[in-house]
Amino acid sequence: MKELTIFIASGAHDFARFLKTHRPAQAGMVLILLVAFAALLAGVVAPYGPMEAVPNRFFAPASSDHWLGTDSQGRDLFSRLLYGARYTLAVALSATLLSLLAGSVIGAVAGYFGRWVDTLLMRFIDFMMSFPSFLLACVAVAILGKSLENLIWAVGIAGAPSFARQVRAEVLRLRAQEFVEAALSLGYGHTRILVRHILPNCLTPIIVLGTLGMGGSILSVAGLAFLGLGGDPFVPEWGLMLKLGWDQSSQGAFQVGVSGACILVTVLGFNLFGDGLRDWLDPRSRSR
Amino acid sequence: MTRVLAGVCACLLLLWTPACGGGKEITKAEEKDVLKILRSDKFEILDPQASSSGGDIAILAQMFEGLVRAPEIKDGPVSVPKWEPSLATDWKVEDNAKIYTFTLRENVKFHDGTSLNADAVKKSFERLIQKDHPAQPTKRPYATDLADIAKIEAVDAKTVRFTLHDSNPRFLANVSLHAAFVISSKAIDEMAKLNTPAKREKWLIENTSGTGPYRIARAEDYRGSESVTLTAFEDYWGGAPQIKLLSFTSMADHKSRREQVLAGAAGFTDTLLPSDWEDLKANKGVTLFTWDAINIMYLAMNCDQSKNYPTKDKRVRDAIAMVVDRTPFVERYYGAAKPAHVLIPYTMPFGHPKDYKPKTDTMSRDEALETARRLIREAGVEGAVIKLILPEVPRPYLLYPRELADLIRQQLEPIGLKIELEPRKMAEIGEMVPKGDYALMLLGWMGDNGEPDNFWRPLLDGVKNDKGEWQPSDNNLARFFDIEVHRRIEEAGREADISKRDKLYKDLEMWAHDRFRPIVPLLTAKKSYAWTSKLKGVRVDTGDQFYLDKAYFEK
Amino acid sequence: MLTYILRRVMATVPMLLAISLASFLLLHMLPGDPTTILLGQRATAENKRELRSRLGLDKPLPEQYLLYMSDVSRGEFGESHRTNQLVAKELRQRVPATIELAVAAMLIATLVGVSLGVLAAVKPRSLVDFACLSMALVGVSLPVFWLGFLAQKLFAGEWKLLPFSGRLDFGSWPTFSSETGFYVLDALLVYRNTELLLNVLAHLALPALVLSTVPMALIARITRASMLETLRQDYVRTARAKGASPAAVVLSHALRNALIPILTAVATQFGYLLGGAVLTETIFGWPGLGRYVIEAIDVLDARPLQASVLLIASAFVIVNLLTDLSYAFIDPRLRKKEAA
Numbered sequence: 001m002k003e004l005t006i007f008i009a010s011g012a013h014d015f016a017r018f019l020k021t022h023r024p025a026q027a028g029m030v031l032i033l034l035v036a037f038a039a040l041l042a043g044v045v046a047p048y049g050p051m052e053a054v055p056n057r058f059f060a061p062a063s064s065d066h067w068l069g070t071d072s073q074g075r076d077l078f079s080r081l082l083y084g085a086r087y088t089l090a091v092a093l094s095a096t097l098l099s100l101l102a103g104s105v106i107g108a109v110a111g112y113f114g115r116w117v118d119t120l121l122m123r124f125i126d127f128m129m130s131f132p133s134f135l136l137a138c139v140a141v142a143i144l145g146k147s148l149e150n151l152i153w154a155v156g157i158a159g160a161p162s163f164a165r166q167v168r169a170e171v172l173r174l175r176a177q178e179f180v181e182a183a184l185s186l187g188y189g190h191t192r193i194l195v196r197h198i199l200p201n202c203l204t205p206i207i208v209l210g211t212l213g214m215g216g217s218i219l220s221v222a223g224l225a226f227l228g229l230g231g232d233p234f235v236p237e238w239g240l241m242l243k244l245g246w247d248q249s250s251q252g253a254f255q256v257g258v259s260g261a262c263i264l265v266t267v268l269g270f271n272l273f274g275d276g277l278r279d280w281l282d283p284r285s286r287s288r
Numbered sequence: 001m002t003r004v005l006a007g008v009c010a011c012l013l014l015l016w017t018p019a020c021g022g023g024k025e026i027t028k029a030e031e032k033d034v035l036k037i038l039r040s041d042k043f044e045i046l047d048p049q050a051s052s053s054g055g056d057i058a059i060l061a062q063m064f065e066g067l068v069r070a071p072e073i074k075d076g077p078v079s080v081p082k083w084e085p086s087l088a089t090d091w092k093v094e095d096n097a098k099i100y101t102f103t104l105r106e107n108v109k110f111h112d113g114t115s116l117n118a119d120a121v122k123k124s125f126e127r128l129i130q131k132d133h134p135a136q137p138t139k140r141p142y143a144t145d146l147a148d149i150a151k152i153e154a155v156d157a158k159t160v161r162f163t164l165h166d167s168n169p170r171f172l173a174n175v176s177l178h179a180a181f182v183i184s185s186k187a188i189d190e191m192a193k194l195n196t197p198a199k200r201e202k203w204l205i206e207n208t209s210g211t212g213p214y215r216i217a218r219a220e221d222y223r224g225s226e227s228v229t230l231t232a233f234e235d236y237w238g239g240a241p242q243i244k245l246l247s248f249t250s251m252a253d254h255k256s257r258r259e260q261v262l263a264g265a266a267g268f269t270d271t272l273l274p275s276d277w278e279d280l281k282a283n284k285g286v287t288l289f290t291w292d293a294i295n296i297m298y299l300a301m302n303c304d305q306s307k308n309y310p311t312k313d314k315r316v317r318d319a320i321a322m323v324v325d326r327t328p329f330v331e332r333y334y335g336a337a338k339p340a341h342v343l344i345p346y347t348m349p350f351g352h353p354k355d356y357k358p359k360t361d362t363m364s365r366d367e368a369l370e371t372a373r374r375l376i377r378e379a380g381v382e383g384a385v386i387k388l389i390l391p392e393v394p395r396p397y398l399l400y401p402r403e404l405a406d407l408i409r410q411q412l413e414p415i416g417l418k419i420e421l422e423p424r425k426m427a428e429i430g431e432m433v434p435k436g437d438y439a440l441m442l443l444g445w446m447g448d449n450g451e452p453d454n455f456w457r458p459l460l461d462g463v464k465n466d467k468g469e470w471q472p473s474d475n476n477l478a479r480f481f482d483i484e485v486h487r488r489i490e491e492a493g494r495e496a497d498i499s500k501r502d503k504l505y506k507d508l509e510m511w512a513h514d515r516f517r518p519i520v521p522l523l524t525a526k527k528s529y530a531w532t533s534k535l536k537g538v539r540v541d542t543g544d545q546f547y548l549d550k551a552y553f554e555k
Numbered sequence: 001m002l003t004y005i006l007r008r009v010m011a012t013v014p015m016l017l018a019i020s021l022a023s024f025l026l027l028h029m030l031p032g033d034p035t036t037i038l039l040g041q042r043a044t045a046e047n048k049r050e051l052r053s054r055l056g057l058d059k060p061l062p063e064q065y066l067l068y069m070s071d072v073s074r075g076e077f078g079e080s081h082r083t084n085q086l087v088a089k090e091l092r093q094r095v096p097a098t099i100e101l102a103v104a105a106m107l108i109a110t111l112v113g114v115s116l117g118v119l120a121a122v123k124p125r126s127l128v129d130f131a132c133l134s135m136a137l138v139g140v141s142l143p144v145f146w147l148g149f150l151a152q153k154l155f156a157g158e159w160k161l162l163p164f165s166g167r168l169d170f171g172s173w174p175t176f177s178s179e180t181g182f183y184v185l186d187a188l189l190v191y192r193n194t195e196l197l198l199n200v201l202a203h204l205a206l207p208a209l210v211l212s213t214v215p216m217a218l219i220a221r222i223t224r225a226s227m228l229e230t231l232r233q234d235y236v237r238t239a240r241a242k243g244a245s246p247a248a249v250v251l252s253h254a255l256r257n258a259l260i261p262i263l264t265a266v267a268t269q270f271g272y273l274l275g276g277a278v279l280t281e282t283i284f285g286w287p288g289l290g291r292y293v294i295e296a297i298d299v300l301d302a303r304p305l306q307a308s309v310l311l312i313a314s315a316f317v318i319v320n321l322l323t324d325l326s327y328a329f330i331d332p333r334l335r336k337k338e339a340a
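Listed in order, the protein sequences are those of chains A, B and C.
Residue numbering for the first sequence follows my numbering, starting at 1 and increasing by one per position.
Residue numbering for the second sequence follows my numbering, starting at 1 and increasing by one per position.
Residue numbering for the third sequence follows my numbering, starting at 1 and increasing by one per position.
These are computed hints drawn from the structure, not numbers from a lab.
Treat the hints loosely; a few may be bogus.
The calculated BS3-like cross-link candidates involving lysine-lysine, where the alpha carbons are at most 27 Å apart (straight line), are [said to hold, decoys possible]:
hint	chain 1	residue 1	chain 2	residue 2
1	C	89	B	139
2	B	199	C	48
3	B	534	C	123
4	A	146	B	536
5	C	123	A	20
6	B	244	B	357
7	B	314	B	284
8	A	146	B	387
9	B	467	B	244
10	B	464	C	153
11	B	435	C	123
12	C	48	B	555
13	C	160	B	281
14	B	435	A	146
15	B	338	B	131
16	B	555	B	281
17	B	536	C	89
18	C	48	B	139
19	C	89	B	24
20	B	32	C	48
21	C	89	B	199
22	B	500	B	244
23	B	284	C	89
24	C	160	B	284
25	C	123	B	42
26	B	151	B	464
27	C	160	B	467
28	C	123	B	131
29	C	89	B	281
30	B	467	B	503
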């Protein structure tokens, strides 16, 4: 475990140095931090609770009481957007972690064991990838039922195949390296080699993939919510809030505008930061 | 490089071909000939006897006609039910409302060229009421409304006589229903040759067979559930309509429909959100038509004693009725709704007790809250989790299902009831109700024919099942049945004198609510149509239907 | 070369089989009783029993699968219980609608994306380069439905330049009936009417533009990257040194060699658009395949869902196959390798 900590610490140090020179990644980090702070401090900063309704003040315009006005239920829009950061990030993070976990396990096993295991698993991944992932998520929701939890499962499952492919490629590369040969000749078990030697070395690319995947997850979740597959419409998740505004005709246009803008800013943040991470990891892709 | 240039030139040439002409003939319709109509709902079945959705009926009402029709809405709701001649020019009611004799209009042609006569009327009604008719449709949701017909006789070519099992002063109201629209005999014969009901339905779409001012001229004009074009019927008995084409497009999104009408891209639409009405009224290019429609939205509380829901205890039902506050609901409709306290809406021609409120609705807020808390404690259901079923999509009386259900959730929280919202599809709700597996349901009812019976009988009455036991009818959301209520509904329905009928319904209302409290009536919503102000001569009847046979565009 | 093609084609067969199996199993995976799903809520117990035996739902699964496949091979996908129409007939309207939209979007995406990418690569760190990079970034970060909302509000609502939704203003063209399923082709070749064509194109413009953002961003990014790569190569320098004009160098030498990654991106994106246009189709009321899937999911209409899943996935696999095969023609190295 100690090796791992040192490994991460040195990686972080190296990345911090890289970050100083990479403007887009800086911008991305600022955006992510902003959203993360909103999510963490929503309880402190938000003037109202996310479900707290002002009786009979539907669609109130912006005022000093309600900075962005109220929504169709008389709830403070600004507060709901702040809490929305919490829900949106949590949902997208869970979905991404799910894809990463499933993808890494499949990819690592396929790449490490090779032969028929690899063929079988990769055929399966190819098969999953023959459906456009968004559509795969839609069908998954149809099978599981409409709710925010099922949305996580659906987006998580639909996102796993591409992770699996990339993790497999990374493991294949590592598998051929000397230290694996050395470990094998020392008589270590496969599980030990995979967990102790190969996976830690994959960790950085997995983090990069995850960061880039976050943006996609947020968009997928919001898209599914927009199609009405998100379950309870009053959960302050940005996609659901956008949908709720959409259903309110002209009165909801403002809500659609601001929730969409929040989604855009957050996804932009993750993509900028993820691109930066990738450049750091793989200088060849550095395009400047 | 030259190759690229050659390619570009080839593409330009291809684009040029339209200008050369020589293609299949097509002409752009002139603006004055077409009315583009947007519908908030879809078109599924275009068979008058099988349809029950608003989108279908709106189209059917342009293509088919019944013997009598509802009067036009002019100055508010009517006080007695009235019927206007349509395919029948005159009618006689005899033998204590047991025999109805209609005189048919002369020179009425069906779209398929055949003429209207008594035999055609007889045949059309037979398809509706006979079980296992050779030309029967997939379903007949309104057959029960006309099931009391014992005998139909074609007395002569222009006279048709209906004999009923029992006296029924409401028969004319039922004959005005879209299910009783007359279909041509030729069509019924053709449909009888097809072996499945679904094929018959499809045939009827492709082979237009009514007497109305519009028809589906070619099979291609029906483009699935989203778009259909109707063509004027030149031989219409009332004279060929001036607007030659009606193009119906389904568009669920309120916003798009509103903006299309404002932008002049569409000429007519139904159901716009009341929050947009102000804007539309202020706009000179648009005519907004709103009226007090006959409908009610209510919260049904399951009274089934064999089920284990807290609502089977009347104390719980009383408590819920006390704390529900209608003010925010009305507010949410921007004044386009009035609070309701009884079953029969204020818009009904008769049978609505105007000055009566149930006891639960006359308390002050504080008193209501306190009493309700006590009742809930006494019933021992404090902290109970109760599911509230609501429709997934808006209904005309329930424009914001989720939002209003959420308001109810908020209002019931302080008395210790925890409500969980469970949106369901209308089809699912239809299956759930007879089983009665729910505690609360938020839904409503739209009047079909301006008769209180049309509310009482489906909503708070029952029928005998195969074993001869009484059970709540299929639309009885509260799963409520009481033999005395049933007796009173029967009595009122049979009373031919309108003022006596009025009193019987009012008395029933004042007698039943405090005694049983199966429902919390919430509100009656106004409805709306909007059309371009150039369009004149639109007729909207008290059955909420619009007609365009006399409509035209002002120059 | 031939063996390569054969091997590649053979590899897709098990994939197609797996897809057909998945679409078959979908009926059993949807929540609820399959007969209720197929017949809808209106069905009586008797209807259901009859259907159960007619479809052989009482038989073992492998036998049911064979029955399903024999239906599919005859182009029969059953009936939709929502509309009572044959699924095959509905697909004949839905599929061309989506293809038309996807082709239009890909045309825009490829034209703009490749031009931007090339310009950016020719002058790195210039304003064009910055614009290209920003667009590539924002393009993949935009929620499509939000962009659609804004576009609709501005172009159709405020400025009244383009229609809101749909494929054609049927009110103005009441006698239009599509012969090819592609309205652009109908207007161009069947009716040969300029005004009709303009109406069709006006309806196509906004949805195609909105749909093109993601592929445009990816294509621009890939074009830029692979152009930068090729422009550094020796043969490009040689061409320059030999005095070829800058335009000729970029277009005929560099771009041609950068074509493979660009082509891959175009093909993959096109495959995704076939089924991934759901959101755009929803906003603009475009009666396409993606929308069809969502409508089917909404009422758990099993037959349309099975047919669409089968169709989209097979199309995707076949597009991938064609892309791979076309490399063999474009890339001389691959051709030689196979020959050797």
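Against the structure, the hints:
At roughly 24 Å between alpha-carbon atoms, residue 89 of chain C and residue 139 of chain B fall within 27 Å of each other, so this suggested pair holds. For a cut-off of 27 Å, the pair hint linking residue 199 of chain B to residue 48 of chain C stands: about 18 Å separates their Cα positions. A C-alpha spacing of about 57 Å is found between residue 534 of chain B and residue 123 of chain C, which places the hinted pair above 27 Å, so the restraint is violated. This hinted pair does not check out: residue 146 of chain A and residue 536 of chain B have alpha carbons roughly 45 Å apart, beyond 27 Å.
Between residue 123 of chain C and residue 20 of chain A the alpha-carbon distance is near 25 Å, which keeps this suggested pair within the 27 Å criterion. Of the supplied pair hints, the one linking residue 244 of chain B and residue 357 of chain B is violated, its CA atoms being roughly 50 Å apart against a limit of 27 Å. Of the supplied pair hints, the one linking residue 314 of chain B and residue 284 of chain B is violated, its CA atoms being roughly 52 Å apart against a limit of 27 Å. Of the supplied pair hints, the one linking residue 146 of chain A and residue 387 of chain B holds, its CA atoms being roughly 17 Å apart against a limit of 27 Å.
Restraint check for residue 467 of chain B and residue 244 of chain B: the C-alpha separation of about 55 Å exceeds 27 Å, so the hint is violated. With a C-alpha separation of about 55 Å, the suggested pair residue 464 of chain B and residue 153 of chain C falls outside the 27 Å cut-off, and the hint is violated. A threshold of 27 Å between alpha carbons decides the hint, and for residue 435 of chain B with residue 123 of chain C the separation of about 72 Å lies outside it, so the pair is violated. A C-alpha spacing of about 57 Å is found between residue 48 of chain C and residue 555 of chain B, which places the hinted pair above 27 Å, so the restraint is violated.
A C-alpha spacing of about 21 Å is found between residue 160 of chain C and residue 281 of chain B, which places the hinted pair at or below 27 Å, so the restraint holds. Taking the CA atoms of residue 435 of chain B and residue 146 of chain A, the gap is near 23 Å; set against the 27 Å cutoff, the hint holds. With a C-alpha separation of about 42 Å, the suggested pair residue 338 of chain B and residue 131 of chain B falls outside the 27 Å cut-off, and the hint is violated. Restraint check for residue 555 of chain B and residue 281 of chain B: satisfied, since their Cα atoms lie roughly 21 Å apart, inside the 27 Å limit.
Annotation: proposed proximity of residue 536 of chain B to residue 89 of chain C is violated, straight-line Cα distance about 39 Å (limit 27 Å). Between residue 48 of chain C and residue 139 of chain B the alpha-carbon distance is near 16 Å, which keeps this suggested pair within the 27 Å criterion. At most 27 Å may separate the alpha-carbon atoms for a hinted pair to count; residue 89 of chain C and residue 24 of chain B meet this at roughly 23 Å. Distance restraint check for residue 32 of chain B and residue 48 of chain C: the Cα-Cα separation of roughly 50 Å exceeds the 27 Å cut-off, and the hinted pair is therefore not satisfied.
Note on residue 89 of chain C and residue 199 of chain B: the hinted pairing holds, with a Cα-Cα distance of about 15 Å set against a maximum of 27 Å. Between residue 500 of chain B and residue 244 of chain B, the direct Cα distance comes to roughly 47 Å. Violation of the 27 Å bound is thereby established for this hinted pair. For the proposed pair residue 284 of chain B and residue 89 of chain C, the alpha carbon gap of about 44 Å is over 27 Å, so the pair is violated. Of the supplied pair hints, the one linking residue 160 of chain C and residue 284 of chain B holds, its CA atoms being roughly 18 Å apart against a limit of 27 Å.
About 54 Å separates the Cα atoms of residue 123 of chain C and residue 42 of chain B, which puts this hinted pair outside 27 Å; it is violated. As the CA atoms of residue 151 of chain B and residue 464 of chain B are separated by approximately 24 Å, the hinted pair is consistent with the 27 Å bound. Distance check on the hinted pair: residue 160 of chain C and residue 467 of chain B sit about 64 Å apart at the alpha-carbon level, beyond 27 Å; violated. Of the pairs offered as hints, the one joining residue 123 of chain C and residue 131 of chain B is violated, with about 80 Å between alpha carbons and a cut-off of 27 Å exceeded.
With a C-alpha separation of about 43 Å, the suggested pair residue 89 of chain C and residue 281 of chain B falls outside the 27 Å cut-off, and the hint is violated. For the given pair, residue 467 of chain B sits about 34 Å from residue 503 of chain B by alpha-carbon distance, which is inconsistent with the 27 Å threshold.
Figure legend: structure checked against the earlier numbered hints; hints not met, in rising order: 3, 4, 6, 7, 9, 10, 11, 12, 15, 17, 20, 22, 23, 25, 27, 28, 29 and 30.
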